[in-house]
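A.B. asks: Make a model of the complete structure from these sequences and hints.
8 protein chains.
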Amino acid sequence: MKQWNVYLSGEIHSDWREQIKKQVSSQNLPIVFTSPVTDHELSDDCGLKILGSENDKFWHDHKGAKINTIRTKIAIKNADIVIVRFGDKYKQWNAAFDAGFATALNKSLIIMHNDDHQHALKEVDAAALAVTKNVEEVVNILKYTIDGKL
Amino acid sequence: MKQWNVYLSGEIHSDWREQIKKQVSSQNLPIVFTSPVTDHELSDDCGLKILGSENDKFWHDHKGAKINTIRTKIAIKNADIVIVRFGDKYKQWNAAFDAGFATALNKSLIIMHNDDHQHALKEVDAAALAVTKNVEEVVNILKYTIDGKL
Amino acid sequence: MKQWNVYLSGEIHSDWREQIKKQVSSQNLPIVFTSPVTDHELSDDCGLKILGSENDKFWHDHKGAKINTIRTKIAIKNADIVIVRFGDKYKQWNAAFDAGFATALNKSLIIMHNDDHQHALKEVDAAALAVTKNVEEVVNILKYTIDGKL
Amino acid sequence: MKQWNVYLSGEIHSDWREQIKKQVSSQNLPIVFTSPVTDHELSDDCGLKILGSENDKFWHDHKGAKINTIRTKIAIKNADIVIVRFGDKYKQWNAAFDAGFATALNKSLIIMHNDDHQHALKEVDAAALAVTKNVEEVVNILKYTIDGKL
Amino acid sequence: MKQWNVYLSGEIHSDWREQIKKQVSSQNLPIVFTSPVTDHELSDDCGLKILGSENDKFWHDHKGAKINTIRTKIAIKNADIVIVRFGDKYKQWNAAFDAGFATALNKSLIIMHNDDHQHALKEVDAAALAVTKNVEEVVNILKYTIDGKL
Amino acid sequence: MKQWNVYLSGEIHSDWREQIKKQVSSQNLPIVFTSPVTDHELSDDCGLKILGSENDKFWHDHKGAKINTIRTKIAIKNADIVIVRFGDKYKQWNAAFDAGFATALNKSLIIMHNDDHQHALKEVDAAALAVTKNVEEVVNILKYTIDGKL
Amino acid sequence: MKQWNVYLSGEIHSDWREQIKKQVSSQNLPIVFTSPVTDHELSDDCGLKILGSENDKFWHDHKGAKINTIRTKIAIKNADIVIVRFGDKYKQWNAAFDAGFATALNKSLIIMHNDDHQHALKEVDAAALAVTKNVEEVVNILKYTIDGKL
Amino acid sequence: MKQWNVYLSGEIHSDWREQIKKQVSSQNLPIVFTSPVTDHELSDDCGLKILGSENDKFWHDHKGAKINTIRTKIAIKNADIVIVRFGDKYKQWNAAFDAGFATALNKSLIIMHNDDHQHALKEVDAAALAVTKNVEEVVNILKYTIDGKL
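Residue numbers (the numbering used here), protein chains in the order written: chain L, 1 to 150; chain B, 1 to 150; chain G, 1 to 150; chain R, 1 to 150; chain S, 1 to 150; chain E, 1 to 150; chain H, 1 to 150; chain Y, 1 to 150.
It should be emphasised that the hints constitute simulated quantities derived from the structure, not laboratory data.
All figures in this text were calculated on a predicted structure; none of them were measured in a lab.
Just so you know, not all the hints are guaranteed correct.
What the hints assert, rightly or not - Quick partial rundown of chain H residues pointing at chain Y, CB under 8 Å, derived from the structure:
id: 1; residue: D61
id: 2; residue: F97
id: 3; residue: D98
id: 4; residue: A104
id: 5; residue: L121
id: 6; residue: K122
id: 7; residue: E123
From the three backbone atoms N, C-alpha and C, an ideal C-beta is built for every residue, glycine too.
C.D. replies: So, in structure tokens, the structure goes:
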């Protein structure tokens, strides 16, 4: 049976990825999920820890961001579906960047956010094939897309 | 003489585009600038004004955002250089989306923002060929890139 | 042994897909078939059922059509061969859309229709590598293409 | 000033193209329009007239459709914007084919049709950046896209 | 007015290119024609004359063929339409190579040959949008494609 | 272990494919070979046998050539290496077409022919990464490429 | 579990590839490594040994370099990550060529070199997602990228 | 008349670009030349001068190299022909990088170097359509390619 590759981009401060995986698993959907590194501290400091410290915060972040890009670029390029969740906190510009990157690669894009962000995300939503509010909607779309039933 | 196409994405609440154009003009650089529609109200309501009103705010925004995409997608695809400015206000997710879209199309990307946004923009900065803080730096890069001197 | 990916687009009101699968199975051809969701009612209402109701029929259909696109776009992009059948009923513009989409992606295209539609489908037929009238012809082409014999 | 390339696909039995051109001209928009050959009889018989007659109607149409494809494929590939109008008559599968072809090439797509066709065109509409009902809406979108005002 | 780029590949031992150019000129069609170097001796010896002699005939030909490829690859990549003529003499494998190269780049392909070569060219003809027998047919296709009338 | 996909294009009137497969098998190289249909009569008549007869030889051949293209286009697109052999008989324009098609798709191309065809094939040879004279050379290249030793 | 394809380009006179493979193996990372032929003498003489000798050193090298390209081009095209090491000896232009080739194909690029080469490699480093000094750093990046932890 | 875009990459410590331009000008060839910034000191320090100083030499070079990439990436993407000259001094890895980048974009590549570098450049030469030793050979190739005569 074909395996579907789904990349889970965006918010790393809630357990939405685990919820999706749990529900998908209980439905026996043949999905391989990928995601960015979701350990916030490690993600911020991977450059320092692997390649050494920098005096300048910009270069500290630059090295880490590029190392993280190795994983995320490959994951998006290999994905059938890219799901991007915008949470309540932080600027989350990397999530919007991923959505733009996935759009230019003609990936099937699903966006998750609550109503508070609706207006600010209108351009991102306009590029998506579905705009969802919660995990249940996402899982139902995955089930419907893969199984053809609900 | 070759004309360079430069797309100016992002913040629409300051006059940074006009400043760039003015300085570029005084330097006689052969650049054709494009930009999104920068009239905020019109940009928000173009869907309503052209295609009629919607009861639901989501669809109101959706129609408008898609119409705006006609202009922005063509501009980015035709651009040699994409400059994205992150200002002080709003979420500006469309700016980050444009940066991701331009990156996947292998455009030369220049980012503008002040130090406050440095950490939050690290993934976007990591995709750029230059990270700048003000109009002077941008214009100097354009001059250096086109004329080969400063 | 290599598996061939074949997408079956178009008419959903007859059992042509099942006939093809049955004959292909009896010939032991290594084909994985994909298709749009062929439950007409569910396909029309998937947006409503997953993401909630809309007052406006246009947006009702819009949400559903986009969700269906997640499945169909991935299937066509992954297909080696795209088979599009035009039946007797309905406008079937989505079938012609799929044929155009597949052509631009340089997929091997096979069209099925009876003689009544010949003139109206001439531009679509002109993009195809085979124009067929029934399941037997399609299966013979698949057998010949994969096995190299009849 | 940049010239915009706009391809006008679809219905050839009303004067919608001339109306668009007239209004665009009065607005001084820098657009170069392209279109399929709109002389219905000539379009049907170009194969016969240029390459000689065929006994079989299928090949008669096949030769003509391929010659017409030379013009339409080049026009769509060179277009910034593709506008596809579905009229009241005929199957118009070539119009839907063009919409699919343009979508896979990532063109900015605008669809025109009246309410009668709304449900049947939902998949095509879902790929568009604007769904319009008349010439005025199309021209306003072109004006807004090019001039950034209404 | 738009200029059309047409590449004339294949036979270099008759004056078919000049005939096409003459007829196209008298019809005022806005076409820029490109072609390989048609001076047979110079084409064979350009490697020798520019880069020096080789003892081995294979490398003599290799150097020349590569230099000729600079011109032909650029011309085909820039062409809207590629016309390939197969004459009566020689193997003309470079002509068939050009047809395959142009096909993979999704160019609009027109083939010219007389009936003697029909069976041997069936695969090449199958990739073409028109198969013609003489200059008049080619010019009529160009006129019809560009002007939309005959 | 990775499997290598190698397409064997060209001459169908000698047993060169079987020789290559036999030697490759004895070397335990992990190669999956694909090829066009090498039953000459069936290849010529597949259109007739599957889709019915034609009065006109051109269309007889056209239908068959297009059906054969389904197999060959998929095989070349999926190939890592394309090997094209030019034999002593026939025009073999389809072989040169395949070489051009593979070149535009940036495949690794190996050509086989004897010295008699050297000058006529110079443009085709110029696009190849190796020009070989016999099965032994081809197999050694495959072994060296895959195993990194001889 | 997904397998990652990593191409190891560059220096062939130290055992850095074996060190990476050994450490990766002890970490149980699911990586398939590819590399150029690292037997220097065989790599230089493969053209001669397979296709026969040449009097001219240029053509001797040319034949060999092209045969080596069959392997390296396929490996880079199939790679998720391309690692290029610049050692202390030789010009290593092929390593820099591989880095440029991989960059244009949008591969994730990691560069290895010691401080002596820092200035001379600045353009190559600027295209990389990580610039490393030793095997440990490379392996940590691979581990972090694949496992998401250190 | 068509203008040809030729990018002159590589050595910046001799006047080879000026010699080519002078000879091309005297031959009236319609070529627009582009090149990297050839002021060595300015090229090294552009990052510092535009974006401010860095304590760390690596980041000093990194900023400058990326700014230079804006110009060089655009120039190579827009070029019909890329000419890369390897001189006597320095490592010139950026030149080899450009050659690899241009090759992956399927540009027509011409290499210039003297005999001393022949063996070390064999992989780069193997990707080129011509390997030249001096300005005269380059200009003759340009003249032959554009004018079709010598």
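A.B. asks: Now look at each hint and say whether the structure bears it out.
C.D. replies: Status of the hints after comparison with the structure:
Nearest Cβ of chain Y to the Cβ of D61 of chain H: about 4 Å, under the 8 Å cut. The hint holds. Here the hint on F97 of chain H is kept, as its CB sits about 4 Å from the closest CB of chain Y, short of 8 Å. Residue-level restraint check for D98 of chain H holds (minimum Cβ-Cβ distance to chain Y is 6 Å; threshold 8 Å). Given the 8 Å rule on beta carbons, the hint for A104 of chain H holds: about 3 Å separates it from the nearest Cβ of chain Y.
Because the closest C-beta pair between L121 of chain H and chain Y is about 6 Å apart, less than 8 Å, the hint holds. Taking 8 Å as the C-beta cut-off, the interface hint given for K122 of chain H holds, the closest approach to chain Y being about 4 Å. With a least beta-carbon distance of about 4 Å to chain Y, the hint placing E123 of chain H at the interface is held under the 8 Å criterion.
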